[in-house]
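Chemist: Sequence:
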Amino acid sequence: MAWNSSVVMQMGRFLLLVILFLPREMTSSVLTVNGKTENYILDTTPGSQVSLICAVQNHTREEELLWYREEGRVDLKSGNKINSSSVCVSSISENDNGISFTCRLGRDPSVSISVALNVIFPPLLSGNNFQTVEEGSNVKLVCSVKANPQAQMMWYKNSSLLDLEKSHHQIQQTSESFQLSITRVEKSDNGTYSCTAKSSLQTESLDFHLIVKDKTVSVPVEPIIAACVVIFLTLCFGLVARRKKIMELCMKDKDPHRETAL
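Residue numbers (mature numbering (1 follows the signal peptide of the UniProt record, and there is no 0)): -29 to -1, 1 to 233.
Just so you know, the hints here were simulated from the structure itself, not pulled from any lab data.
The beta-carbon is built from N, C-alpha and C at its ideal position, and this holds for glycine as well.
Do not rely on the hints blindly, as some may be mistaken.
[Claimed, not checked] Here are the computed distance ranges between Cβ atoms for each label pair:
no., residue 1, residue 2, range
1, I12, N51, 48 to 54 Å
2, T163, N66, 27 to 33 Å
3, S115, S55, 38 to 44 Å
4, R44, L95, 28 to 34 Å
5, D134, I91, 32 to 38 Å
6, Q143, S55, 48 to 54 Å
7, L133, L95, 19 to 25 Å
8, I53, S22, 16 to 22 Å
9, D14, Q123, 18 to 24 Å
10, N54, S171, 37 to 43 Å
11, R32, S62, 34 to 40 Å
12, H180, K48, 19 to 25 Å
Generate coordinates for the entire structure from the input sequences, incorporating the hints supplied.
Modeler: As structure tokens, then:
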């Protein structure tokens, strides 16, 4: 019994050591990017360049590191993968705003750390600057906008803040556009409309020139075509009837029974 108890105790100690040892080896490795141990947001500006350095902390063996840009894997040189790895993000543009870079442990992808780019830039505006419409029609002025931080948007007309009429004007705004809709355009709507974006960095404006022309009187084409067809058919029937009468007269003139005897 004493021998069995000793064996059981030794096995118990061995299992306890295994249980305590394995998780530590599997989870002790920690990743850092530029010295940070948690996901973070990196502020930057268009045209700049940033370096991201990922390193393994508390590792007991050589560890392979993988980099991802969003869901796509970044190609790394063979000497830039073990224990420490870096990527250089150059020529940063407004389109890189919100893009994330993730460093992962090769043998355990669940061990990872991410960096999201926060590209700060003033408002960028674009749109169709000239529009010509007929009086009584509807028109939309679409101002495309990009800005970080988000800009406050306003519409001006001839350098004055646009007085919105509920049944005449409608404004729709999304994260990428600022739209002005005008229903049943009038001559008084003619003018220059300015899409203005104001952010903490600066204020930008884009002019939209709206030209309202007189409503053209539309010619009813279908009734005219129908009338022409009727006239044409009438003339055809008239000619046919006239031809029949002429033929009848000719036939009477050639009838020998109608000649007068001498």
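Chemist: Kindly indicate which numbered hints from before are broken by the structure, ordering the numbers from low to high.
Modeler: Those not satisfied are hints 1 and 12.
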